[in-house]
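S.K.: Residue numbers (our numbering), protein chains in the order written: chain F, 113 to 519; chain W, 113 to 519; chain Z, 4 to 395; chain E, 4 to 395.
Please keep in mind that the hints were generated in silico from the structure rather than gathered at the bench.
Note that the Cβ used here is the ideal one computed from N, Cα and C, for glycine as well.
Each hint should be verified, as a subset may be incorrect.
Here chain F is said to cover these stretches of chain W; the calculated rule only asks that three of the stretch's residues, wherever they fall, bring their Cβ under 8 Å from a Cβ of chain F [unchecked claim]: (1) 118-131; (2) 381-394; (3) 410-420; (4) 438-446; (5) 491-500.
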Amino acid sequence: MTTIDLAWGAGPSARYDTLAARFRPIFARIRDGAITRDLERRLPFDELSWLKESGFTTLRLPVESGGFGASLPELFALLIELSEADTNVTNALRSHFGFTEDVLNSRFAEQRARWLPRIAERETVGSGFSESGDAKLAAFSTALVRQGDHWLLNGRKYYTSGSLFADWINLGAVDGDGNPVSALVPTRAAGVAIVDDWDGFGQSLSASGTATFADVLLPDAYVNPSPERFRYATAFFQLVHLATLAGLGRAAATDVARLVGERKRVYSHGNADRIADDPQILQIVGRVRGAAYAAGAIALKAAEAVQRAYEARLAGDDDAETAAVAIADLEVNQAVTVITTLILEATTTLFDALGASAAKRGTGLDRHWRNARTIASHNPRVYRDRIVGDYAVNGTPPPGQYRVGQP
Amino acid sequence: MTTIDLAWGAGPSARYDTLAARFRPIFARIRDGAITRDLERRLPFDELSWLKESGFTTLRLPVESGGFGASLPELFALLIELSEADTNVTNALRSHFGFTEDVLNSRFAEQRARWLPRIAERETVGSGFSESGDAKLAAFSTALVRQGDHWLLNGRKYYTSGSLFADWINLGAVDGDGNPVSALVPTRAAGVAIVDDWDGFGQSLSASGTATFADVLLPDAYVNPSPERFRYATAFFQLVHLATLAGLGRAAATDVARLVGERKRVYSHGNADRIADDPQILQIVGRVRGAAYAAGAIALKAAEAVQRAYEARLAGDDDAETAAVAIADLEVNQAVTVITTLILEATTTLFDALGASAAKRGTGLDRHWRNARTIASHNPRVYRDRIVGDYAVNGTPPPGQYRVGQP
Amino acid sequence: MTTTATPESWLAEAARLRALFARDAVANDQTGGQPLAQLRLLKDSGLLTIGVPVAYGGGGAGWSTILRVTRELAKADGSIGHLYGYHANFLHNLLTQASEDQRRDWLTRTVAGNWLWGNSVNSFSHSLFGRRDGDGWILNGRRPFSSGTHVADAITIAWEDEATDARHFAAVTPDRAGLTILHDWDGFGQRQTGSGTVTYDNVRIHDSEVFANPDVVGTPFATLGPLHQQSVLLNVFIGQAIGALEEAKDYTRTKSRPWVYSGHDRHSDDPWVKRVYGELHIRLRGAELLADSALEALNGAWAKGPALTATERGEAAITVAAANVHAGEVALDVTQRIFEVMGARSATRANGFDRFWRNVRTHTLHNPAEYKTRNVGHWVLTGEFPEPGTFQ
Amino acid sequence: MTTTATPESWLAEAARLRALFARDAVANDQTGGQPLAQLRLLKDSGLLTIGVPVAYGGGGAGWSTILRVTRELAKADGSIGHLYGYHANFLHNLLTQASEDQRRDWLTRTVAGNWLWGNSVNSFSHSLFGRRDGDGWILNGRRPFSSGTHVADAITIAWEDEATDARHFAAVTPDRAGLTILHDWDGFGQRQTGSGTVTYDNVRIHDSEVFANPDVVGTPFATLGPLHQQSVLLNVFIGQAIGALEEAKDYTRTKSRPWVYSGHDRHSDDPWVKRVYGELHIRLRGAELLADSALEALNGAWAKGPALTATERGEAAITVAAANVHAGEVALDVTQRIFEVMGARSATRANGFDRFWRNVRTHTLHNPAEYKTRNVGHWVLTGEFPEPGTFQ
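Could you put the whole structure together from the sequences, leaning on the hints where they help?
M.R.: Here is the structure:
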């Protein structure tokens, strides 16, 4: 079934369904185990390996580099579908896709030449920018210091999303002079230890644990030529969250529709003989579905703006790129409140169409809210609105672009 | 300024801005007078004539028929922009664009041959299907009876949106045998009288008044060969309302941002020296803007589904057409609640960013809510959700398609 | 004058007036201007003087009763509720701010003349200044949002000292030389409140006319005025919301047509229509109870007199602010959502149901809910009360 | 046992317990099962018997006091609030449905043993049937959602007559032969309520054990049980919401970090954070007042005794339904939105703040708010009260 058949709307390109067809059987398998994994707190190692094998992690690479040449709208549409199966998996790949953008955007030919093949060979990258949770702009205490012809890494990183599944950690640090520097660290290098101590009540299987680095030796080749990240990074990383919420909304809508259809118990004071015919119940189901539909439409519209920022980079006009990045940031920020509110409400109100047995852990229905709430907490609405308002009233561009560690 | 520059997102096609550039100066002129027209209750005759002259009413006609070959997403994107200028004008053209779809979809070559040139010559069509307001499925009391080689029309129609501006009224009636029949009636024919008695507190300038027909003579050529309308009519007419709301939201967002920027009075207990720097105020502005952005994105996504229904018709596969029409209906229905709720809230909460003088009639700010509320009342949310829920739970297709007078 | 001077009789009288005012509310909303017929009925009812203490010949009604009357009148007509409530706000200010002589003078004349009071004190405009001149002041400038001045028998005015920016209050009758009421209010709601501009061209005020009550200067008691004013607003919001829901209910029961696919012959049998009415009633009920709690808080603070402490004043301020914010929010929600359950044909000017939203939306702008909400949150987080001042 | 038997002392005792229960609430949510330590404290406090009439050795507390205790306990721990409230619901049912002999028997034993009652009466499952056998019944089948049976000293049970489908109630102790408590409750919220399955394998009930109170059969008074049960739920909702807001407030003040661009050193100085706390407080306050009004409505209806009219019962039912719906809605809103103002690091299992939403969401499912809202709207539109029955 395509997204068109399911009334979720068309994908972002004519070839989208052909591209998606390759991955949908995997998404379906991932979805089958989602409730059990959540209940048993089992990390999706197998699921990530299926995706790697399928080439999913190479989506954005040009065909000539061994990828699929997916546009950003195509990528985000696929992330919506993946999130419908399991939002944890999307989160685990967020940094990988971000690093891929770093490489695709890099001005340094040797950087592209070094990493595009590794990505093409299905190697993946986890995150290593957070040291203290919310305070993303804090100076790094992790040190990457030159020592002879190598570098020596020491420090600790939290919320290293996806790192347990990944071959590399893309990490921010300070060099011997206190300047920012970033590097790729092999997760299996001596001195690297990653523990799954991420304790979120949602997104608990995204392997966002703590990584410690004790005298890890890195060659020059692993150190990035610039600590700058791709310029639409803020918009990109936020949009991954929004796509995740949109997919989660579709899963919630599908679940509630199925469960209402399966309900047998009839309330003596209901409005119809069958619950599945009760207009009040159907209205709730419709509202949840409408929320999911809207979230997808908005996220994909914002994805077009991010694509324009990428294309502006390729075109090489710096002013146009600056403008396109700002607009991408604004469009994504404009999308945050509506999508977040819709999905948080949908994952709460869907229960109003169901009975007491919907509270059994085995149904896994609360995970939608827990996941949505956790994602939303990492992307707070009110501040996005303020940024948009400041632009609308004062013309102030969105803050904090291009800074290391920003997302 | 394009919609991209304004952070409303890209239009639906690569050529969209080129197409829109022709009409945007007219939209700007229409917008300039919108508050005054609303206050003085002055019908937009001039404004409609500017649009006719520009060819706006021929948008959907193929280039070879004298139009612009606009796709439905292009049409709806332009209707959003027009609605940002004045929602009344959009409403006045709703029936015209609907009739254009009738002609484009017609299986009867002579029908296409007869009306495409008239539309190309900038003739326009108003609505004549409602007889009793809400009860759209009531049997028509308007009679169109064969008399010799002519037809004789007698009856009365309410809510004839746009008819005062139009050359024709597209009207439903019953023939001598009580069967449904529809015809085009020249607004200037003897026996036709149209009064602007539409008394809505919003959309008051859409010329949705009462038309009476007393022994109006019509030739065969004005009677439609079938009373059936184009099959995606329900979705299409609803989507015009949604596009109108989306445009209205943009206007509201732009107004509130401008007025906050102009505010001089400072509250002693505000959060900043200037109101335009107060984060609480900026958050409200941002939220309004996010609502408008989301509404546009959702409406344009649903427009793609309507386009697919149209293309399925052209392709001639009846089953595929039936499926595409149902999906279009569902996607539009899924969009109704979110868009309506967002815009009703935005047009109410925008005032929280402003002071007491925002209540002066001269600012025209209340018209956004009055217009939105009136449109929303013609397109009630709860029933759309029920239709969607019935599909999601039971697989029930949307009801009441293709019936005369349905929209 | 009412003969049986009890809160119940006054409320019954207000209910009687409400029914009368409902007849012309739609027409009056459309014309704007002065509600002269309604004002005559209001005067005849005796309700204008119930708030004057018995010692000055009035009814001695408590604030909660006066504000319930305000709420009742506002159910039919937001402008009348507003005029009545602000009339009472004058009483409140006079009783707290004026000397005993001033109180006696104005209140006995108010009762004798059965006066309606307006005000010209808008605190934001900073556009009316006085300079000292002998044993008085010369005022020049203008005041916008001078509610009720278009029909008032007497007016509270306020100006800033051009030298010190200190604020002073006095009362005058509208025939005071140099004072001109422009009748220029043209809001999209509250259309008969006459909240227009008053201009002052060398208006002379004698020192004896300037309100001065040495007993309460600097006390928390002297800062109860804004709480009373906020209470007027919130009761107008609640009254309008109740009125809107009742008119909508009648319309739905008698005029709405069922949705074509609803499967019901009557619109009011549709479970979703019931559901919406249930939800609106429930929310409104919660807001009403919060409004009632604010009435008690205001009465309680007033009863303490000049002994009122800053903490007691602060607690009352939080309760009033909470009730005010909630009443405004719920009233906007109710006055907007009624259309959802009345159907397309309800949205006409002739029905005039939109006046409820327009009135509430206009009136809530006199009352920045955002900052009030923030103040409540500041108290939640810190235990600190808002600094007494305009709107808080 | 408490020595000073007043509502104030009971509420003070509940507040003391609340503080103790808060310490383990997160851990108990994670483990589920039986709150044995808390149950011991609850028994020691004497609060289990305050609802028993003085004549039977109890405290004679009114329903509003018992439900306020429920609310207080629920602030810390939704499961304990639930268990306590349903324990009181047993008292309510016994006092209305049972004969004087049955009341005396069970209530004196309850006081003597300081018992906690559970129930196995779920009315929807239609899965436990009794057949006549001599001077009694033989029960076979099962009951899901048998709250409190995992820790109860005695249990109210209900079955349908397999011949007539008539419903009968009785009380038993858990050692009754053939009765098995499966301990299989695994909800995502209210994790220690033990709302699992009880199976019945030829359980014998003597006719003398079947509740029968000829004085009230067929009266509106006999149908107050659902209103009490709905009141238990709504006070658990309100209690959980208050507890969530207070825990969130403490977290925001002590642990939250400011948004990077907020311009403030402390998160709690951010006007938007204040604004959200203000809004949540205001909404919760309205819901609390509505909940209080429902307590009064229930007390008032109860005070009428068997003389209670159908109209009086109906009016109480509408008030309770309104309070219940609103409490659930506001509690879901508060327990969800607190995260908005606590920040990303608050969303961990160790903090356990999500238990509030999970508890409220679980508990509101026992209580279809949609139909209750519809019932209120039906009354708004028609003046007709809901037919007495489960949930209404």
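S.K.: Hint by hint, work out which the structure violates, then give me just those numbers in ascending order.
M.R.: none
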